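Letter by letter, the chains look like this.
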Amino acid sequence: MTRTGGWLLVAGALALPLWLPSPYHLHVAIMAGIFGVLAMSLNLLLGYTGQLSLGHAAFFGIGAYTSALLTLKLDWSFWPALAAAVAVAGAAGFVIGRLALKLRGAYFVLVTISFAGVISLVSVNWIELTNGPLGLPGVPAPELGPWSLRTKTAYYYLVLAAVGLSYLVCRRLVRSRIGRALVALRENEPLAESVGVDVTHYLVLAAVVSAAMAGLGGSLYAHYTRFVSPEVFLFTYTVTMVIMVVAGGKGTLAGPLVGAVLFTALPEALRAAASWQWQMLAYGVLLVLLVFFLPRGIVPRLGVALRRPEPVTPTARR
Amino acid sequence: MLAVRDLAVRFGGVTALESVSFDVRPRSITSVIGPNGAGKTTAFNAITGYLRPTGGRITYDGVALTGLRPSAIARRGIVRTFQKTSVFPGLSVEDNVLTGLHLRGTAGFLAVLAGRRRLVAEERALSAEAATIIDFVGLDHRRREAASALPYGEQRLVELAVALAASPRVLLLDEPGAGMTGSEKTVVSGLIRRVREQGVTVLLVEHDMRMVMGISDTVIVLNGGRVIAEGAPAAIQAHPDVIRAYLGASAGSS
Amino acid sequence: MAELLQHLLNGLVLGGTYALLGIGLTLIFGLMNVVNFAHGEFYALGAYVSFAALALAGSDFFVALLVAIVAGAALGWLCEVALLRPLRNESIDTTMLVMIGVGIAMQNAELLGWGGVAKSIPHPFPTAPLVLGPVAIAPLRLFVLVLAAGLIAAAWLLIQKTKLGRAMRATFQDRDTAALMGVSIGRIHAATFAFGSGLAAAAGALLGPIFLVYPSMGDLASLKAFSVVILGGLGNLPGATLGGLLLGIAEELGAGYISSGYRDAIGFVIIILVLLFRPSGLFARQERIA
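Protein chains in written order, with my numbering: chain A, 1 to 318; chain B, 1001 to 1254; chain C, 2001 to 2290.
This is chain A alone, in the form it adopts within the complex (with noise of 0.2 Å):
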């Protein structure tokens, strides 16, 4: 994408609020930001590192529940509680970062899966701190300095920034010496570790990120839509992100966005026409399709569409 073209699309996001109908598609707008950050956090793994993650719905929730239960519990407001969702579920991801890094390819995916099954049954048994499968309602809009956020406009905008900040680090991670160790593991482990590149701290770091960016994701979700309940750790939202990232283009900067944009706008235009079991009948096809038909995803094949394909690579642009 062009500096020009880069600009164009910030501005059109900010002025987005002004030309949309209704605050229904406002709410939408918002959703897909919301899952802009979560298919940007799984893209560090999955796309870059390599390494698929189907327990990133637990990441997700630990930081709804952590911003929920801070601010609900200890009355803490909105930003301190961001921070520590972020931080929680960052911890998180060291910790299966850790325990993950002999495991690689299914063996990986499994490991996560049960993190996130634990997790979950965890929100759903420990019913003094979660309320159980009742949830926790009633979760505060957050504030900034003397205005409330409350109105869905305001809202947009806080997602927003969060989009913003969370590809500003995506990208400074992919286009420097990090990023580039981040491929070579995806790439070729053993040739990585022959040049120097530090296994453990390079999984883990990718690990840290990419499950703090999905805290933020989560506490964003939680301060929105005012209620947590277990159902954050379904496995549907991994599925949803999984599908947003292959879809969009795994490993490259524009593509979760892309797929996020897609894979929220879509269930939603279908809505009228199709209902939820529906859609989620055609994800499960699509994801096939996908496979098959564009397994790379939008992104790079639109590059090679127009003859500049956006590449794999974290070079920085010079």
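Hints in this document: simulated from the structure, not taken from any laboratory.
Bear in mind the structure is a predicted one, so any value in this text is a computation, not a measurement.
Please note that a few of the clues may not be correct.
To be verified - Cβ-Cβ distance ranges computed for the label pairs, FRET-style:
id, chain 1, residue 1, chain 2, residue 2, range
1, C, Leu2276, A, Pro133, 23 to 31 Å
2, B, Asp1006, C, Leu2276, 31 to 39 Å
3, B, Ala1125, A, Arg3, 18 to 26 Å
4, C, Ala2153, B, Ala1008, 24 to 32 Å
5, C, Ala2153, B, Gly1108, 56 to 64 Å
6, C, Leu2132, A, Ser275, 42 to 50 Å
A virtual CB, placed ideally from N, CA and C, is assigned to each residue, including glycine.
Given chain A's structure and the hints, the job is docking chains B and C onto it.
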């Protein structure tokens, strides 16, 4: 000096290396030869930390390498290539080499997030360095192409370039000439000599005797997990044990 | 003491069906290198097909079981031929994504077909438990245990004694050599997937009458099957059998003595612990040379 003492490697009940000792003199080109299954690659794997030896010690300039992880060994300047072609397949030649320059960069996590100006300068310096190395192995015309799209011989050159980028003090090459044409082998031999002239110690495993005898200062012969001979190429070619090992091996395998 | 025995017996009933699930998955995983996240959906499919045959078509209990197995095997075969065969040379992640997609599609097709309400499968057995000394067991559960044991034995015989089984074992050892020796890899893969899916469907049809049948039952079944496979070691049939029994008993004991809310957590914890400390499974004699 790289020193290997009483190195032993056993897999289950199979002894790959029984007790191997040798030194690699600084700035020398030393070759390890031997029939298939003699334990050459096993020795390489043990020296570079890809395999934990069952016994023995490996030191570099008196500092123990045994038990360190491969990346930590690389940080001490001992860098290897692999027997089977090993590049970062999806990356361009340039990015392969930039990745090889990993240890040359200094930027940590926070510095990267902060996006310091210093990093831009560092990236520029690394790119210049990468260009020099690509030029050195003669792949300038392939700089932007994906490594996996290159013909075999050139992929092996990419591999060499990646290893060189990691600024080795000792470079271990596992069959650098395997599968190459005669003229490609000549190019590689020339590159190895020039690398040594820059002060790098080279240790290589190679099957091509013409190449081995042409460039080595010292040849070490492994057979059955032991060193059976060590010396200058001419002496090795005349060594009765070596002749017997090779004839015996070829008689056994045919 | 009687309580402990009772838990062990219940665990055995549960474990027998887990073993069926695990055997199918371990074959598919070990032989085809496919991480089949849709495995649990074949289990759910078996339960629904048997429900349909019993409650709607009014068929015999055994016929329903047979129909379920055939349906599972047929769909498994179709899956392999249509989806996995073209991707045989792709990475393990690629086929995993496809199978996740298949799993989601199957689960939601069930949701559309049957609705979200749990169904209970009718069965012909008396409900009064048989009292055997200190323990009691419902006739249905006893029947399930016996049948699961029979199916495990049949699977074992098929693998050990038939020509197909020999070809499967050869393929598991070394795909390329097996192909050189004239084994048709395509046929073996299709047969393995059909066989594994049929066993999963059998497990679903057997456990269906004991528990309720609902569309999302496959999710947990997949994970339990994976914990059985990991417990037993990849591609290890006796391991999967023992692993299944062990998981069933561990769950019963955990639910009985710790907390029933965490029953399903036991499988997850097993996956995490075994992968961390004994990645080749509890029963592996030595590390496989990769």
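>> Going through the numbered hints above, which ones does this structure break? Give me the numbers in ascending order.
In response: Those not satisfied come down to hint 4.
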